[in-house]
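For reference, the chains in residue letters:
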Amino acid sequence: MSSFVIAAIAMLTALIPLGVVLCRAELMSAVVAYEAIGSVTILVLMLLAEGFRRPGEFELAVLLAVLLLGGGLVFVRFLERWR
Amino acid sequence: MARAVIVDVLLGLAVAVVLAGTAGVLLMRDAYQKVHYVTPISVVAPVLVGLAILVQSGWTISSGQSWLAVAVMVIASPLLAHATIRAIWIREDSGAGRDLARAGQGGERQDRESQDRERL
Chain A
3 MSSFVIAAIA MLTALIPLGV VLCRAELMSA VVAYEAIGSV TILVLMLLAE GFRRPGEFEL
63 AVLLAVLLLG GGLVFVRFLE RWR
Chain B
8 MARAVIVDVL LGLAVAVVLA GTAGVLLMRD AYQKVHYVTP ISVVAPVLVG LAILVQSGWT
68 ISSGQSWLAV AVMVIASPLL AHATIRAIWI REDSGAGRDL ARAGQGGERQ DRESQDRERL
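These protein sequence lines map, in sequence, to chains A and B.
Here the numbering used here is used: the first sequence runs in plain steps of one and ends on residue 85.
Here the numbering used here is used: the second sequence runs in plain steps of one and ends on residue 127.
Please note that a few of the clues may not be correct.
[To be verified] Ranges between beta-carbon positions, derived for each pair: (1) A32/A to D100/B: 15 to 21 angstroms; (2) L34/B to R79/A: 25 to 31 angstroms; (3) G72/A to G65/B: 29 to 35 angstroms; (4) T67/B to C25/A: 38 to 44 angstroms; (5) A32/A to V12/B: 38 to 44 angstroms; (6) I11/A to L86/B: 35 to 41 angstroms.
[Unchecked claim] Chain A is nowhere near these chain B residues, computed Cβ spacing over 10 angstroms in every case: (7) A9; (8) Y44; (9) I60; (10) G65.
Note that these hints are calculated values from the structure, not bench results.
From the three backbone atoms N, C-alpha and C, an ideal C-beta is built for every residue, glycine too.
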């Protein structure tokens, strides 16, 4: 098991407390946790692609990074208007 | 050997940054404070991971794509943080109302200034 896979597993453990915040905190704190989860997921995808030596899977990380920006902006834009 | 050590150090730093940011998001009281701890996760940690991939495999298609993802994250994160804080402000502090009130005060001030000019 390479150090990239170990780092990916260590980062995946960070999703547990972020998931707790996502489920239990108030709405805007949950949005912040959602953004953090998206960033950690991108990092995990990059680490796994390098750890398993599959260059094609880096495209998933690039795609998710772009979608995180677009989706996040749409999300917060609607939340600031809808109460 | 030295390359492996550098990669391990960079990955360890990235994991430490992510775990510290996660602790901040978990422990801080309100959303304003939590947003500050997302930024290291989405700006510092990707750069460290990108450097680790670059050291491991050199300038290849893998490192190029990883740096593309890093660039998107580094550019997107401040924009998203700003939009999130703005949404929190409008939801919790009625930011739109404050903007309108400020615009009204500014308009009144301009009216007063124009009246003073006319008197002179």
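Open item on the list: Tell me the numbers of any earlier hints that the structure contravenes, in ascending order.
Closed with: 6, 8, 9
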